[in-house]
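Respectively, the protein sequence lines represent chains A and B.
The numbering of the first sequence is the working numbering, which starts it at 399 and goes up by one.
The numbering of the second sequence is the working numbering, which starts it at 399 and goes up by one.
Where hints are given, some of them may not hold.
Same chains, same label: a pair holds when it works inside one copy or across any pair of copies.
Straight-line C-alpha distance at most 20 angstroms; calculated EDC-like pairs for lysine to aspartate or glutamate [stated by the list, open to error]: (1) K632 to D669; (2) K506 to D495; (3) K506 to D588; (4) K632 to D417; (5) K506 to D455; (6) K437 to E579; (7) K648 to D455; (8) K437 to D712; (9) K632 to E651; (10) K607 to D698; (11) K607 to D472; (12) K616 to E710.
By construction, these hints were calculated from the structure, which means they are not laboratory data.
2 protein chains.
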Amino acid sequence: MESILITGGAGFIGSHLADRLLSEGHKVVVLDNLSLGRKSNLTQALNSDNFTFVEGDILDSKLLNNLFKEHKFDMVFHLAANSDIARSHANPDIDLDMTFHTTYNVLKAMRANGVNKLMFASTSAIYGQTGGIEVQENYGPLFPASHYGAGKLASEAFIASFAENYGIQAWITRFPNVCGERTTHGILHDFVKKLKNNPHELEVLGNGKQAKPYLYVKDLVEAILFVCRNSHEKINYFNLGVEGQTNVTKIAEIVISAMNLNAKIHYTGGDRGWIGDVPKFAYNLDKIHKLGWKAKLTSDEAVTKAVKHILEQDACNL
Amino acid sequence: MESILITGGAGFIGSHLADRLLSEGHKVVVLDNLSLGRKSNLTQALNSDNFTFVEGDILDSKLLNNLFKEHKFDMVFHLAANSDIARSHANPDIDLDMTFHTTYNVLKAMRANGVNKLMFASTSAIYGQTGGIEVQENYGPLFPASHYGAGKLASEAFIASFAENYGIQAWITRFPNVCGERTTHGILHDFVKKLKNNPHELEVLGNGKQAKPYLYVKDLVEAILFVCRNSHEKINYFNLGVEGQTNVTKIAEIVISAMNLNAKIHYTGGDRGWIGDVPKFAYNLDKIHKLGWKAKLTSDEAVTKAVKHILEQDACNL
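Using the sequences and the hints, build the whole thing.
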């Protein structure tokens, strides 16, 4: 039984990770400022005696250090970040603070308290505009298109220097688009909302050809733990993903079909939905496949399952 | 005639760049907090009517914005940074603030004031431990060994996202070890000091086999301007360097010979001088060579010239 800190653990992905680690019998502390996370994501976790929820901000160094002193963590899973990539176009400080400074503060607290195992939630956004090629983990140059990607790359940079200088071991897992239970925003939510407003026509930003892999959240959690337990370098770094992609037109069709509608799709045109978007993206997954892990659900299956959950949840909220 | 801001312009490299741009008739403003830079480096520049020196800190956003409003810069050359890589091992905040936050503040000021041309002084330190291979500009993964390298990589990350989001054009020039007039610290200074204390024996950290390319500072300044004027992408990125390397034993021999001594070299052993050091490093320079630039001095010639200057300067200070 290990003592584990999950930052951002009330969020979409962090809460699934908390459930999974609690089910294995570990002691889990979630630190989350609830700016994007929701306490309702922790309904299951809060039933466990091994679980502690702390509402607070990583940028509050005193709070963070007290938490480290109290719980003597064996390992930190750092997921706290801004998760709404498009909104920081207007204000890059959002990603400077929520995506980068959070990581830097976690690293300082780990160093100060002698904790030396870190899982970091990185992202395909560090790779920037790759022109749709299959991106390997050693791809370069790294010129992120979004401030979110910049904040994550800046985080990786200091994780590396802390690893070299203070003997911290790191598992950098680069997430693709992830979907499933407990999401609060994103293209699937947008499409459902739009179709509730107008069941006859769905407006799609761009030309519908933007295509990305969507990984089911429970597959992602398995991948994270698999990598942490089976890769033993000083800095371990992996693309986490699923083979294949789902383009925006296909997503629109899945949503329309799941809602039993017959809506027409209207495209606004252009090759991307918003500034900082990466219109086509594909991972090369050889590294994690060779380590012995593969996703259970395909990208299309993950999207279909996620849409079903959104509609069920909406139905509950009526 | 352009209006140009050089941050860190009282430093070793920045002051040479200021002299060069003034000689071409440009208006140059140097902003430097003199924490590492020295006003004496600007003796020549201060004779020019086109030159303005401002003592102040980039992290003072109000000062920075006022400077932008007053001088309506056409372009920024951002060189301000911590330049003493080893010292931030004890305190990484030095590079967080001086190497990364400085860049972020410059980017914000450029956005706020509509300035859209940036030359950034990056470094071979972003590449981390490369095992001595010839590193191309698209090398990955990028796991810097020092906080200095991390701060520079974090800077590149946000330069890329600001370029994509706000139309800033960037020239990222990655410096190697640089030597020549106006240096204040580093291995050449250390060896001269040690030999003045004990002319019979020189202690060398490591095994003497650490080898890096040394570029002469005036060659570097030519390379910076050549790249800015001949490469026209949104993000232009180049290794700036010189073919060949000079290892630590060779440096020791050059210093001993320049001082007319007959000292024995004593090695402390091990493959690197300090934590965060990259013991062997070599650039692939095909990209800048193809653009049409090559260094005039070899690495050994640059070291020899730099040692001569240090000894002359020391003689003047007696």
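Now for the hints, and whether the structure bears them out:
1. K632 to D669: between (40 angstroms within a copy, 19 angstroms between copies)
2. K506 to D495: both (15 angstroms within a copy, 14 angstroms between copies)
3. K506 to D588: neither (38 angstroms within a copy, 31 angstroms between copies)
4. K632 to D417: neither (27 angstroms within a copy, 45 angstroms between copies)
5. K506 to D455: Within one copy, since 15 angstroms is at most 20 angstroms while 25 angstroms is not.
6. K437 to E579: So K437 and E579 pass the 20 angstroms test inside one copy only (14 angstroms; across, 60 angstroms).
7. K648 to D455: This pair counts as neither: shortest intra-copy Cα distance 38 angstroms, inter-copy 52 angstroms.
8. K437 to D712: Classified as within: same-chain Cα gap 18 angstroms, cross-chain 66 angstroms, threshold 20 angstroms.
9. K632 to E651: neither (44 angstroms within a copy, 36 angstroms between copies)
10. K607 to D698: within (15 angstroms within a copy, 55 angstroms between copies)
11. K607 to D472: neither (44 angstroms within a copy, 39 angstroms between copies)
12. K616 to E710: within (18 angstroms within a copy, 67 angstroms between copies)
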